[in-house]
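K.L.:
Those sequence lines, one after another, are chains A, B, C and D. With the first letter of the first sequence counted as 1, position 31 gets the number 31 in our numbering; the numbers rise by one all the way through. With the first letter of the second sequence counted as 1, position 311 gets the number 311 in our numbering; the numbers rise by one all the way through. With the first letter of the third sequence counted as 1, position 49 gets the number 49 in our numbering; the numbers rise by one all the way through. With the first letter of the fourth sequence counted as 1, position 99 gets the number 99 in our numbering; the numbers rise by one all the way through.
Worth flagging that the hints you see were computed from the coordinates, not collected in a lab. Some clues are possibly wrong.
Below, in silico cross-link-like pairs of lysine-lysine (DSS-like), each with a Cα-Cα straight-line distance of 30 angstroms or less [said to hold, decoys possible]: (1) C/Lys70 / C/Lys28; (2) B/Lys4 / B/Lys214; (3) A/Lys3 / C/Lys238; (4) C/Lys152 / A/Lys160; (5) C/Lys348 / A/Lys3; (6) C/Lys355 / A/Lys36; (7) B/Lys185 / B/Lys29; (8) C/Lys334 / A/Lys36; (9) B/Lys36 / C/Lys266; (10) C/Lys70 / A/Lys3; (11) A/Lys160 / C/Lys151; (12) B/Lys180 / B/Lys36; (13) C/Lys348 / D/Lys98; (14) B/Lys29 / B/Lys4; (15) C/Lys54 / A/Lys36; (16) C/Lys266 / C/Lys151; (17) C/Lys54 / D/Lys98.
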Amino acid sequence: MLKVTGIPTTEDVAGVTPPIERLEKGPCAVIECYQKIPCNPCATSCPFGAIVRDNDINELPVIDWEICTGCAICVVNCPGLAIFTVDLSKPGKAMIKLPYEYLPLPQVGEIVDAVDRGGEVVGEAKITKVQEGKAFDRTRLVWLEVPREQAMIVRHFRQKE
Amino acid sequence: MKNKAEVVIIGGGVIGCSIAYHLAANGMKDVVVLEKEYLASGATGRCGAGVRQQWGTEMNCRLSSGSARDFENMNEELEYEGDIEFIQGGYLLVAYTEHQVEQFRKNVALQNSLGIKSKFLTPLEAQEIVPHLNIDPLLAATFHDKDGHANPFHVTQAYANAARRLGVQINTYTTVLGIKREGDKVTGVITDRGEISAPIVVNAAGGYADVVAKMAGVNVPTYSERHQILVTEPVEAMQGPMVMSFHHNTYCQQTPHGSFLMGLGENVEPSHEIRGSWQFLKEMSDKITEMLPPLRHLRIVRQWAGLYHMSPDKTPILGGTEELQGFQMAVGFSGHGFMIAPMTGRLMAANILGLDHKDKDILATLNIERFAKGELFVEPSVV
Amino acid sequence: MEHREIVVVGGGPAGLCAALQAARLGAKVLLLEGDDRLGGQLIKQTHMFFGSEKQHAGTRGVDISAMLVKELKSMDNVEIRTNAMVIGRYDDGALTVDENDEFKLIYPEKVVFATGASEKMLMFANNDLPGVYGAGAVQTLMNVFGVMPAKKVLMVGAGNIGLIVSYQLMQAGVEIAAILDAGPQIGGYLVHASKIRRAGVPILTRHSVKEAIGTDMVEAAVITQLDESWQPIEGTEKTIECDAICLAVGLSPFADLFWQAGCEMKFIPELGGHVPSRDENMETSIEGIYLAGDVGGIEEASAAMVEGYLAGLNAAVSLGYGLAEAEGLRADLKDQLNDLRSGPVGDKIRSGLAKLQDD
Amino acid sequence: MSNKEYDNTIICRCEDITRGELHRWIDQGVTNLEELKRLSRATMGPCQGRTCRQLILQEIAARTGVPISEAIIPSYRQPLRGVTLGAIADMKLDEEEKPHEK
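Turn these sequences into a full structure, and let the hints guide you.
P.N.:
Structure, rendered in C-alpha cells:
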C-alpha cells in the first residue's frame, strides 16, 4: 500500500493510466500523483492548458489526454517527480520519458537496467535521449525505450556497473 | 493532606525545612510544611549558595559559625543519600576604601573573639590566594578558609527527607490563601487544598514572608527586592574562595562544577519581581572584569533572579510576636538565609518547643520587638 | 544602544519575507541573522518547492532564497546583518545581540521573531556515538559545505525532511540503507516516498532504531519493529550496516524569545510543541511582537513565507505604512495560507491552529 | 520503550544524564523538569537543554502519565547563546543609558 511502502498499487496506477488508444497515438503525460497536497506547477506549467487543478491547489490534477501533447514540460516541473510520459505509437516498443536528478547522466544508446516502482529490475532499457535545458531547471528528461508491455511498469533505471 | 497539626510551617525553602527537621528531631512530629511550588523553588534555590562566617555583628557571626559546623556534618547527621556539596574554599573579602579597611579590622577582631579564625591580608597576600585578582585598587582583604559554599537544593532536600522520615508531612504545590485567627491567637491555615487547624503557624515564606504576615494581620517591617545572578560556562578549577566586594556590591565564586557564579546588589525598588534585566548583565560584567580581569573571556550561559527579603537592619527577625500568639517568624534574612538556616532551625525549634539552647539569647535579641524598641543591629557586611 | 522601527529576527524563509513585505511598504527594517548567511533552511533545499506560483512553487528552495535576498539587498530601507544573533529579550523591550562577538542592545518599535525550529532528538542506546546526526546537520554538511557525511546512512523518520534528505544524500552518491518510521504510515509527501522507493530504498514503517553499534563511531544499527502501541516487538531485531544514523524525527519551535518576552504560550502537539498565541495578524499576546514561520508551528516553507509576508505587513501597518494597500494584501495572503492548508495534509496544522484559538 | 537496556541511554548529553538516572529521580517523586534540573543538572549544560528538554519532558510525561500540556516548563533564560563577560563589559553606553549605581 502506497502510504506504507511508497509503492503505488496496481489499482492506483490503473486510475491514472490513459486509454491505450490515446497512448498509441503518441506521447502522453501520466500523472502519478495520488495524494492531495497543496501544489500546482503541473497545471501552471502546461503550455496547452491540459492539466486542471480546479480552484483548489490541494485537488488532484486532472489531465485532458486529448489536449496533452506529451511535451513533458510538466514532467520536469513537477516538484514531486511524479509525472512521466508514455508513448506506444511505435510497434512493440514503449517510449518513456522520466525526470532524472542523479549523476552521472546516462549516454544515448546506453543499455541500462529498467526498474519498476518498487526499485526492482524488470529488464533492460535503451536510453534514446537525455534532455536538459534552462527551462528544465537542472532536472533532466531521460528517454527510455522498453518493451511495450512494460510501458506502465518501468519508472526508473539503473546504470550497469 | 492533614486537616490538623501541632505546627504548620509556611514555606518549603531551606528555612522551613530546617525548622521542620529540628522540630521533629526534638520530638515534635506532628508538623506540616506547606510549599506553593516545589522545595527550594523560591529564594533558596535561586541564591548564591555561599556559606560565610565573616560577619560584622556578633549575632550573624554566631548564627553562621554554628551553621557552618552543621554543614560540615550534614550528610551524616541527616543521613542524606546525596551530597550537599559543602566545600570550604574560603571567602576572600576585598576592601577598596579606608573606611572598608577600618571596618574589616573591626570585623576580624570581632570574628576572632568569637572563634572564627579569619585573617587580615595585604593585597599581595590576597593575590596569592586568588592569583587573577586585580590588586591595583585594592587596599586590604580578609580571608577565612572555613567559609565556602553548599548546594542549596540538596541542603533543602536533605532536611526535607530527614524530616519526612521522622513523620513530618510536606505538601508541595499547596498555596496558602489565608491564616485563621481567633482574637489574638492563631488557629490554622487556609490553603487551596483545604484548611489545617494548628495552634502554631510558622512564617518561613522567604521572599513572600511579608505577604504571609499580612494574611495573619501581623505587621512586619520587611520587604522583598530582586537580586540577580549569572553563571558562566564551566572551566578548569582556578578560583578556590568566593571573592566578595562590598565596594562593588558583588560576589563571585567558582562552583564545584567549574562554572563561575556571580551576583550583584542592584539599586531596585521593593517588589516581588524576579524577571531578569540586561542592566544587571552590564553592571555585573563591568565590575567583575575590573575585579577579576581574566574572567572576561568566560561565556555567560544563564542569568536568573531571586528575592532578598530585607529587614531594616539586614538581620533576620526570629521568634514570636506579641501581636498574635502562636505565630512564629523566621523572616527578613536579607540575602543570607541559606547560610544560617541550620542554626535558624535549631533555635526556632527550641523556641517553639520551649527547650534550652546555649544560643537562645540570639532569639531574644532578634525578636521583632527590637524595632519597636529601636534596638537595631545593622549588619555592615551585606551585598 | 540602537533604536529601530522594525526588527526581524531570523533570516530564513519567514524572516526574509517579513522583512521584504515591511520594507516594500516603506518601513525601515533591520534584519538580524545569527548565522553567517541568509536563507535559513532554504539554502539547503535543492528540490523544487510545492505550493503555488505565489510561493514560487516549482522553484528550488536555494533559488527562492537567492531571489528574496536579492530583492532585500536592493532596498535602501533595509539593513541586513549576519552573524548577529539575538540572545535575549527583556521586559523594557530591549533585544540583546551577539554580533561577531560584540554585545549590542537594540530597541525595536516592532519586532518579528522568525526564529524557526530545532531538531528533535531520539533516544536509543549509544545515541551519542559519532555518526549519529540530525538531518539538518547532514543537509548543512552536504549542501552548504559540500562535505559527504557518510557512505551508507540509516535514515530515521519518513516525514518530508527524512525523505528529502535521503533523496539529497542519494543524489550525492550516498547509499541509504533504509528509511525507518515509527508511525504506521509514511508521514511525508508520497511523491517523495515513491521517487526514493523506486530507486531501491526500503521504507519501513512501524520500525525504530534500538541501538547504535560501534566503538569510535557508528558501524551498524539495530532496528526493531514496533507494535501498535509503539513498543518494540521482541525478536524482530535486525542489524543494518551503516556508518551514519540520520535523525529526522521532527522539529520543535524555537520559541525561547517568546518565553523570555512573557508571551502567552500554548502546548499544541499538532504545531510541534509550545507555541505563542497569536491573532490573525500574527501578533502575539504582547503588542508589537509578531511571529512567522516554524516558530509558531511546524509547517512547510511555503506557509512560512506567507506568514512572513503577513507578519511584515502587519508590523509595517501598525506603524502607519502601506495603509492604502494593506487590506487587499492582507486578504490575499490569508487566502494563500488557507489554500496551502485546506487539503488533507493540512489537517494537522488546521486542527493545531483551531486549538490555539480555543481558550 | 521500556526495556532495561535503554537505561544506559544518555538523555542529556552535556551533563551525562542517563534515562535510568532520570527514571530514578522520577520514581523518587521529582516529577517536573524545573526540580529535576536543579537536582541533577539535566538541561543545564552548554546547550542549555536545546537537545534534551523535549526528550525529558516526554519521558516524564510517559512515566508519570501527566501530559506535557500540564507540565511545568522551566524558564528559558537569557542569553540564548553564551556571550563573554568581556563583550558585555566592552559595550559602550551613553551616560543616560547606563544602569544606575547603588
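K.L.:
Confirm or reject each hint.
P.N.:
Now for the hints, and whether the structure bears them out:
Using a Cα cut-off of 30 angstroms, the hinted pair C/Lys70 and C/Lys28 holds, with the two alpha carbons roughly 17 angstroms apart. Restraint check for B/Lys4 and B/Lys214: satisfied, since their Cα atoms lie roughly 22 angstroms apart, inside the 30 angstroms limit. As the CA atoms of A/Lys3 and C/Lys238 are separated by approximately 23 angstroms, the hinted pair is consistent with the 30 angstroms bound. With a CA separation close to 20 angstroms, the supplied pair C/Lys152 and A/Lys160 stays within the 30 angstroms bound.
Between the alpha carbons of C/Lys348 and A/Lys3 the distance comes to roughly 17 angstroms, so the proposed pair stays at or under 30 angstroms and holds. Restraint check for C/Lys355 and A/Lys36: satisfied, since their Cα atoms lie roughly 23 angstroms apart, inside the 30 angstroms limit. For the suggested pair B/Lys185 and B/Lys29, the alpha carbons sit about 22 angstroms apart, so the restraint of at most 30 angstroms is met. Our distance criterion of 30 angstroms between C-alpha atoms is met by C/Lys334 and A/Lys36, whose separation comes to about 20 angstroms.
In summary, the hint linking B/Lys36 to C/Lys266 is supported, as the alpha carbons are separated by about 23 angstroms, within the 30 angstroms threshold. The hinted pair formed by C/Lys70 and A/Lys3 fails the criterion: a straight-line CA distance of about 39 angstroms is larger than 30 angstroms. Annotation: proposed proximity of A/Lys160 to C/Lys151 holds, straight-line Cα distance about 20 angstroms (limit 30 angstroms). The straight-line distance between the Cα atoms of B/Lys180 and B/Lys36 is roughly 18 angstroms, inside the 30 angstroms bound, and the hint therefore holds.
Distance hint between C/Lys348 and D/Lys98 is unfulfilled; the C-alpha atoms sit about 48 angstroms from each other, more than 30 angstroms. Proposed proximity of B/Lys29 and B/Lys4 is supported: the alpha carbons are some 13 angstroms apart, at most 30 angstroms. Distance restraint check for C/Lys54 and A/Lys36: the Cα-Cα separation of roughly 19 angstroms lies within the 30 angstroms cut-off, and the hinted pair is therefore satisfied. Between C/Lys266 and C/Lys151 the CA atoms are separated by roughly 41 angstroms; this puts the pair beyond 30 angstroms, and the hint is violated.
Of the supplied pair hints, the one linking C/Lys54 and D/Lys98 is violated, its CA atoms being roughly 47 angstroms apart against a limit of 30 angstroms.
Hint check: violations occur at hints 10, 13, 16 and 17; the rest are consistent with the structure.
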